[in-house]
Each structure stands twice: as C-alpha cells, then as structure tokens.
Amino acid sequence: MAQTITQKILAKAANRTFVDVGESVWLNVDILLTHDVCGPPTFDIFKEEFGPDAKVWDPEKVVVLPDHYIFTANEHAHRNIDLLREFAKKQGLTHYYDVGTDRYKGVCHVALAEEGFNLPGTVLFGTDSHTCTSGAFGMFGTGIGNTDAAFILGTGKLWEKVPESIKFTFDGVMPPWLTAKDLILQILGDITTDGATYRAMEFDGEAIFSLPMEERMTLTNMAIEAGGMNGIIAADAIAEEYVKARSNKPYELFQSDSDAQYHSKYHYNVRDLEPVVAQPHSPDNRATVRSVAGTKITKSYIGSCTGGKLTDFVMAAKILKGQKVAVTTNIVPATVLVARSLETEEYEGVSLKKIFEDAGCSVALPSCAACLGGPADTVGRSVDNDVVVSTTNRNFPGRMGSKHAGVYLASPLTAAASAITGKLTDPRDFL
Amino acid sequence: METIIQGKAYVLGKNIDTDQIIPAEHLVYSLSDPEEVVLYGKYALSGVPPEQGGLPEGNIPFIADGEVRSAFTIIIAGPNFGCGSSREHAPFALKVAGVKAIIAESYARIFYRNCVDGGFAIPYETAEQLNQVIKTGDELKIDVEANTIENLTSKVTYKLNPLGSVFNIVEAGGIFAYARQENLMAQS
Numbered sequence: 001m002a003q004t005i006t007q008k009i010l011a012k013a014a015n016r017t018f019v020d021v022g023e024s025v026w027l028n029v030d031i032l033l034t035h036d037v038c039g040p041p042t043f044d045i046f047k048e049e050f051g052p053d054a055k056v057w058d059p060e061k062v063v064v065l066p067d068h069y070i071f072t073a074n075e076h077a078h079r080n081i082d083l084l085r086e087f088a089k090k091q092g093l094t095h096y097y098d099v100g101t102d103r104y105k106g107v108c109h110v111a112l113a114e115e116g117f118n119l120p121g122t123v124l125f126g127t128d129s130h131t132c133t134s135g136a137f138g139m140f141g142t143g144i145g146n147t148d149a150a151f152i153l154g155t156g157k158l159w160e161k162v163p164e165s166i167k168f169t170f171d172g173v174m175p176p177w178l179t180a181k182d183l184i185l186q187i188l189g190d191i192t193t194d195g196a197t198y199r200a201m202e203f204d205g206e207a208i209f210s211l212p213m214e215e216r217m218t219l220t221n222m223a224i225e226a227g228g229m230n231g232i233i234a235a236d237a238i239a240e241e242y243v244k245a246r247s248n249k250p251y252e253l254f255q256s257d258s259d260a261q262y263h264s265k266y267h268y269n270v271r272d273l274e275p276v277v278a279q280p281h282s283p284d285n286r287a288t289v290r291s292v293a294g295t296k297i298t299k300s301y302i303g304s305c306t307g308g309k310l311t312d313f314v315m316a317a318k319i320l321k322g323q324k325v326a327v328t329t330n331i332v333p334a335t336v337l338v339a340r341s342l343e344t345e346e347y348e349g350v351s352l353k354k355i356f357e358d359a360g361c362s363v364a365l366p367s368c369a370a371c372l373g374g375p376a377d378t379v380g381r382s383v384d385n386d387v388v389v390s391t392t393n394r395n396f397p398g399r400m401g402s403k404h405a406g407v408y409l410a411s412p413l414t415a416a417a418s419a420i421t422g423k424l425t426d427p428r429d430f431l
Numbered sequence: 001m002e003t004i005i006q007g008k009a010y011v012l013g014k015n016i017d018t019d020q021i022i023p024a025e026h027l028v029y030s031l032s033d034p035e036e037v038v039l040y041g042k043y044a045l046s047g048v049p050p051e052q053g054g055l056p057e058g059n060i061p062f063i064a065d066g067e068v069r070s071a072f073t074i075i076i077a078g079p080n081f082g083c084g085s086s087r088e089h090a091p092f093a094l095k096v097a098g099v100k101a102i103i104a105e106s107y108a109r110i111f112y113r114n115c116v117d118g119g120f121a122i123p124y125e126t127a128e129q130l131n132q133v134i135k136t137g138d139e140l141k142i143d144v145e146a147n148t149i150e151n152l153t154s155k156v157t158y159k160l161n162p163l164g165s166v167f168n169i170v171e172a173g174g175i176f177a178y179a180r181q182e183n184l185m186a187q188s
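Here the protein sequences line up with chains A and B, keeping their order.
For the first sequence, position 38 matches number 38 in the working numbering, and the numbering has no gaps at all.
For the second sequence, position 107 matches number 107 in the working numbering, and the numbering has no gaps at all.
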C-alpha cells in the first residue's frame with residue numbers, strides 16, 4: 001500500500017510497515033522536548049502519576065531548552081528555571097541547557113537543529129506548538145500538552161492519529177525579494193487557520209529544495225498556524241549535509257510514494273507570487289504588501305523561531321545597510337549561536353550587528369521575547385495601540401502583549417523595509 | 001463521568017486561541033500550588049477583547065471582578081477553538097474557572113488532545129453554529145449518553161457529534177486513567 005512520508009515515519013515508530021490514515025497508533029518517541037513554561041507542570045504530573053522517585057524512560061532522549069521567559073525580573077519565571085534545573089539534576093538529564101551558563105542556547109526549535117537533535121525519519125514530541133518546525137528535516141515533529149509529555153516521560157510512548165496529508169508544491173526559481181515566509185503566508189491565506197487541522201502539510205518542488213534549511217524551517221514552523229499536526233519536507237542532500245555536520249547518530253531517509261493518497265494538492269509557481277503580510281488579527285488574513293503599503297507602523301520586530309534565524313538577519317541586513325530606521329526596531333536572535341553569528345557574518349564587508357546598530361535598531365539577547373508578549377518587562381512587548389510589523393508567527397489579539405495592538409506578520413525583508421519608512425513597505429522598493 | 005452537565009452558557013466567536021484563553025504573561029504560576037492555581041481561574045479568557053466576550057451582546061466578563069470562578073460552566077464557540085500555543089494551562093484555566101464542557105464547531109488538535117488526555121473538560125463538536133443561536137447566560141443541559149444539548153431557556157434541543165474514538169479516554173478521566181485501565185502502563 002502506498003504511503004506518504006508521514007505515514008512511513010509513524011509506521012516505523014509503531015514497529016509496523018504500514019499505518020492507515022485515521023487509525024490511532026502507539027508510537028515510540030525518539031526525542032521529547034520541553035522548556036521553561038511547560039517543563040515544570042509536566043514534571044509535576046510525571047511525579048504525581050509515576051511516583052516521586054520515578055525515573056524518566058531515557059535521560060538521553062529528553063531535551064530541556066529554557067527559552068520563553070529568560071531575561072525578566074519576574075520571580076515566578078525564575079522559579080520555573082530553578083524547577084527545570086532541579087529536575088534535570090535529579091534525573092541526570094544530559095541535554096539540559098541552563099540559563100546563565102555557557103550551555104544556554106535560546107529558542108528551542110532553532111537550537112534543536114543547531115545541536116543535531118533533528119534526524120531524518122525520527123519522531124519528536126514537544127510541549128510547544130512550533131515543534132512542527134523540525135519537520136524540515138524529513139522527520140515527524142508535533143506539539144503536545146503537559147499531560148501527554150508526562151506520559152512520554154514515564155513510558156517513552158504516545159498515541160497519535162495518523163494524519164491525512166495535504167501536498168504543497170512550489171515550482172520555479174525563488175526571486176530575491178521572495179522568502180519562505182511569503183510562501184507560508186500565501187498558503188495560510190488559501191487554506192485558512194484550520195485548513196490543515198489534524199493533517200500533515202507536505203512541501204515539495206524545485207523552489208523548496210533550493211532553500212537553505214533555515215528557510216525550510218520557516219515553512220514547517222508555521223504548519224501549526226493552519227492547524228497542521230506536522231509540516232514535513234523530505235530530507236535531501238542539503239538536509240543531510242546540515243545533519244552530518246552536527247550529529248554522528250544514524251538516521252533513515254523516507255519519501256512519499258508517487259501513488260500515495262492526499263487529502264488535497266496545491267500547486268504554485270513562485271514567479272506568480274509576491275511579498276505578502278498577514279493583517280491583524282489572524283495569520284490567514286493575507287494581503288499583498290503592495291495593497292496595504294503606506295499603513296503606518298509603530299514598531300518593527302525581527303526575531304523568534306520563525307523569523308530570528310541567521311538567514312532572516314542576512315535578509316534584513318541587505319535592506320538595512322546604510323539606512324536609518326524610522327520606528328523602534330527590535331532585532332532578537334533566536335539563539336546564542338545566531339547572536340554570535342551576527343558579529344562574524346558580514347554583508348558587503350560589514351558585520352550584520354554593526355549594520356543593525358548603525359541603522360538604529362536595538363539588538364536583544366536570544367530568547368522567545370515578545371513573540372508571545374511575555375512578562376511586562378519583556379523586550380519589544382507591544383503596548384497600547386501599537387501597530388507592529390513582525391517576522392513572528394501568530395497575530396491573534398494580544399499575542400505580542402497588548403490586546404489593543406495590531407500585528408502584521410511579514411518576511412524579514414518586508415519588516416526591514418517597513419522599519420526604514422515607518423510604513424508597510426514592499427521590499428522591492430529597496431532591492 | 002457525569003452523565004448530565006447543566007449550567008450557564010458563555011458564548012464566543014471563532015479562532016479563540018490559547019493566548020486569549022490564558023495570556024502568556026500568566027503562564028508563570030504553579031499548576032500544583034493551590035494558592036497559585038486559583039490565579040488561572042481569575043485570568044481565564046482574560047485575553048479575549050471585551051467586546052468579543054459573552055456574545056451576542058459582548059462586554060460580559062467571563063470572571064466577575066474579584067472572583068476566581070466563573071458563573072458560566074459551558075463554553076459555546078465557533079470553529080477552531082483553542083488554536084495557537086500548545087499550553088495545557090489553557091484547558092487547565094477553564095477547568096479551574098469551573099468549565100465542565102466546551103461545545104465548538106471544531107478544535108485545534110493540541111487543545112483537543114489536552115482536554116481529553118488531561119481530563120479537563122469535555123470537548124464536544126457540533127455541525128450547527130450554536131454560537132449564533134445560544135446566548136450568553138442561557139441555561140443549558142448536556143445529556144452525555146444521548147449526545148444532545150438542550151437550551152432550557154429557549155426550549156430547543158440540538159445534537160452533539162459523538163466523541164468517537166476518544167470517548168473511552170474521556171470516560172476514564174484522562175490518558176493515565178485510561179492507560180492503567182487498559183494495562184498500557186505499570187500500575188502506580
């Protein structure tokens with residue numbers, strides 16, 4: 001029987017050769033990811049259900065990356081980090097990346113890739129909706145809650161309903177003003193915020209396989225904004241090269257069968273697409289940047305698991321070099337590695353960091369920061385009636401802080417161009 | 001599991017994401033310390049813009065000033081309820097506030113799983129747009145065995161979609177109770 005790549009990976013994790021769409025199967029979990037917001041309550045449930053002295057199923061397979069509320073004076077947030085540290089120590093978790101040490105990484109989905117935890121053919125569950133990001137590596141990654149995570153901690157297993165898949169094919173050569181963010185916002189406008197609920201979103205085509213891993217991660221990252229269980233791109237030579245540079249663990253490559261069944265198929269040629277935004281207050285409220293150009297903004301925000309990777313900052317720097325921003329512009333690298341690269345990576349002989357500082361941007365420390373608002377003292381948090389252009393992933397009311405603010409989700413090119421003019425601006429005006 | 005759930009309706013629109021159910025700034029409280037747990041009730045649904053809370057009129061707070069529990073125990077909503085962040089703090093907050101059941105046209109997967117596996121509230125789906133015909137404050141009665149909801153205020157009864165494959169987990173009270181019942185994990 002023909003299967004999609006998602007079915008094949010789930011079949012392997014269920015010790016089967018075939019799993020059918022719609023059936024619930026118990027899966028063996030390769031990696032469980034958690035962070036400072038959902039780790040402590042997950043550990044509490046684990047202790048309550050398995051006993052105070054219970055041991056996790058495999059300390060090598062639990063990855064704890066604090067990233068949400070790091071640079072804040074909030075005492076409850078500090079306590080959550082203390083709870084992670086205590087649990088990691090007691091359980092002997094080798095993959096705990098403590099705040100305030102050299103081991104601290106930053107935003108978990110980007111750090112998982114950097115640290116070599118993303119391996120083709122494996123199954124990742126994480127207590128964060130953007131766990132689907134890792135699907136860019138030809139693996140299954142999806143978000144769960146604390147109870148399910150606690151169940152995995154004790155058993156190494158979880159049930160999942162095998163999803164139908166939707167296939168998105170992008171043909172053509174990417175023009176320099178178009179980004180993965182524009183592609184996923186295009187899709188969201190077409191299928192809406194629940195168009196892929198309980199389904200896999202599979203991406204392929206010449207344009208996709210020309211993208212670097214970081215851009216592919218932007219696509220799979222936002223599968224959840226369409227309700228997708230997972231986003232997935234089969235691993236190719238570019239993916240294997242990235243993985244082999246960071247891990248010596250074995251992995252297995254899977255591809256969808258040519259006669260696999262899909263819920264639906266969407267076909268795009270990137271030459272027909274143009275820069276787009278998601279207008280307030282929903283990620284599917286798509287408009288071309290040209291059609292809303294001139295809309296006044298009060299802030300530009302470039303950061304998060306979606307839009308705070310090195311490739312995002314390279315794109316922003318191309319636009320911001322030699323320019324001055326007209327509104328508050330926050331540069332928030334996803335991870336410590338990205339932050340370091342801002343100093344070493346150059347565009348036309350100038351480091352990205354200097355380009356941003358010369359343009360008047362403020363460069364923050366790596367964490368999730370204002371993508372999800374966070375405590376009151378979070379860098380970049382929206383206030384009052386802010387109008388923000390942001391490279392983040394979600395713009396429902398209040399997401400970045402203020403319930404009265406409006407957020408336009410955009411590519412780093414659009415966010416940078418708009419920062420210069422203080423109005424929504426098509427990046428082609430600067431390229 | 002209760003077979004009859006009766007209470008007042010709180011009506012919402014579509015795409016109520018978990019940031020609206022419990023804003024991110026409140027995720028720092030303990031989910032086990034009783035003194036802090038009540039804060040999740042206090043701030044439940046506090047991220048919903050006021051005019052969109054308590055439809056059709058709007059501007060009806062879910063939690064009255066100074067309270068930690070809601071006068072409303074059944075949520076009625078449109079499609080894609082619970083989309084966004086995976087935070088289990090969301091169904092937890094609704095439970096702490098006193099919510100017993102949610103009736104929406106559809107759910108985001110993670111929220112739905114969390115409701116079922118955590119045993120927080122029963123997530124029913126309906127084919128009908130109940131948030132267009134039920135008003136905030138209406139007295140509702142859910143018959144869990146018959147899969148129906150009766151609006152005692154307007155005297156109209158509607159069908160609920162059967163819970164299907166998750167019914168056994170809901171009936172057991174969550175994934176741990178279910179797994180023990182089915183011998184899927186060691187007894188503890």
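Keep in mind the hints are simulated off the structure, nothing from the lab.
Check each hint, because a few of them may be wrong.
[As the list claims (entries may be wrong)] Some, not all, of what chain A presents toward chain B, calculated at C-beta under 7 angstroms:
{"id": "1", "residue": "1"}
{"id": "2", "residue": "147"}
{"id": "3", "residue": "148"}
{"id": "4", "residue": "214"}
{"id": "5", "residue": "365"}
{"id": "6", "residue": "403"}
The beta carbon of each residue, even a glycine, is placed where N, CA and C say it ideally should be.
When the hints from earlier in the document are held up against this structure, which numbers fail? 1, 4, 5
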